[in-house]
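> Mind docking chain Y on chain R? Use the hints.
Number of protein chains: 2
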Amino acid sequence: MERLDTPPDVVIRRLPLYARSLRYLLQEGVHSVSSQELGERINVTAAQIRKDLSYFGEFGKQGIGYDVQKLLSHIEHILGLTQEWPIILVGTGHLGQAIARYEGFRSRGLRLVGLFDDDPAKVGQSVDSMLILSNEEISRVVQEQGVKLAIMAVPASCAQDVTDLLVAAGIRAILSYAPIIVQAPEGVWVRYIDPIAVLHSMTYYLARYESNLF
Amino acid sequence: MERLDTPPDVVIRRLPLYARSLRYLLQEGVHSVSSQELGERINVTAAQIRKDLSYFGEFGKQGIGYDVQKLLSHIEHILGLTQEWPIILVGTGHLGQAIARYEGFRSRGLRLVGLFDDDPAKVGQSVDSMLILSNEEISRVVQEQGVKLAIMAVPASCAQDVTDLLVAAGIRAILSYAPIIVQAPEGVWVRYIDPIAVLHSMTYYLARYESNLF
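Respectively, the protein sequence lines represent chains R and Y. Counting from 1163, one number per residue, gives the positions in the first sequence under this note's numbering. Counting from 1163, one number per residue, gives the positions in the second sequence under this note's numbering.
The shape of chain R in the complex, shown without the other chains:
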C-alpha cells in the first residue's frame, strides 16, 4: 500500500465501529453494502466513511459498494486484530468481575489471560474459573505472556500506583475505569471509560433543553 497521510485518532476510534457493524451485516447474511447504508447504521455520513477509509487505500467500487467480508478483513488487519492480544484485568470488585465475565473481552482479537487484585481476601478466589492473582504477580504474567494491554478497574485512590506498576511490567496500553486522569510516560496509551463524566456532559444539554435554550 502506498504511503498515505497519518489518520487522525478520531478516525482510528471509528474503525472498530465500522468493523462491528460489518460483522452484524455478515450475521444478517448481507454481503455487499453502500457507504450510505453502512453510515445509516452508525450515524455517520457516507462521505465521512469514504474519507475515513481513504486513509488506508482504495475500498469499494463506485456504484457497487463494499464487499462486507473484504472490508471487514481490511479493517481488522488495520486494527491489528488479525492477531490475538493477551490482556489482563486489575481490580476484581463488582465492576471488574462484570468485565471479566463479559464475553466480548474473550473474542475478536482479545484474550483475557490474568485477573489481579491487591485485596488478600480476593486473591485465590476465581471469577468464571479464572483465578485471581495478587498484584505482585502482574510483572511475571505480563512478561511470560508478552502482554501489552491492561484493563484497570480500581478505585481512583490507587489508579496511579497501579498504572506505574503496569508500565514497569511492560504494559503499553491501559483502559482505565478509575475516575481520575493518570500520568503515564510517552509511548504508553491510556484511555478512559468514564460513565459519570459522560452523564455529566449530557445533563448540560438536558438543563439547556429544559430552559428552552435549544
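Possibly wrong hints are sitting among the right ones.
You can't tell identical chains apart in this list, so a pair holds if it fits in one copy or across any two.
As the list claims (entries may be wrong) - Below, simulated SDA-like cross-link-like pairs (lysine to any residue); rule was C-alpha separation at most 25 Å, straight line:
(1) K1284 with Y1367
(2) K1284 with R1273
(3) K1232 with P1341
(4) K1284 with S1194
Since the hints were made in silico from the structure, they are not lab data.
For chain Y alone, coordinates are given in the frame of chain R:
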C-alpha cells in the same frame, strides 16, 4: 452572562473532567489553582483550559489563578449539576448490577430511582435494597418521577427496542453500554460506553508500534 459562542461538544465533554479535578483539589485542601497546574492533572494544556472556559465567561485572574471552589461551582452550574437528576437503569445482568452498586451514580447531581429488567426471574429481586421492576413499569416511573436520563446495560439484540421504549416514556438522554449504535429521534441524546471499541482502537497503535512504524 453575555451571549458567547456556542461551545462545541468536545468542550462540554471536558467540563466534567475539570469539575472532578477541582473536587479532588478541594479534598486535598487546595483553594487556588493555575490553569497550568489544573492542566497537568488532566493532560490538557493551560491554553486549552483557558479557551474552553472562555465560552462561559471570565474566570480566574491573571497571575492569581482560579479560586477552586468558585470555578467548581461555575462549572457545576453550567453542567446543570446544581439540581439533582433522577436516573433509571435498564438491564440488571452482571454489568447492570455493578453499575447499580457504583456509588458514583448516587452522587453529584445524579440519583438512581429505578432498576428494570425484562427477565421475569430478575423482577422482584433487589440490588443493594433497590427492587428490580419489569420493563413494563418504565413508562410509569419515568412519568411519575420526571426522569430524563437512562442507562442502558442490555445486550445488543434488544438495545433498539429498549431505546424505543425509553424514548416513548419520555427519556431524553441515554447512556448505552450495548455494543451497537441505536437510532433515536432528534432531541434525544445517546452516548456510548464501548470498552471493546476502545481496546480495538488501541490495538491499532500497539500493532504499529510493534512493527516499528512509530
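> Look at each hint and say if it fits the structure.
Verification of the supplied hints:
1. K1284 with Y1367: neither (41 Å within a copy, 33 Å between copies)
2. K1284 with R1273: Classified as within: same-chain Cα gap 22 Å, cross-chain 30 Å, threshold 25 Å.
3. K1232 with P1341: between (39 Å within a copy, 22 Å between copies)
4. K1284 with S1194: Answer is neither; intra-copy 49 Å and inter-copy 40 Å both fail.
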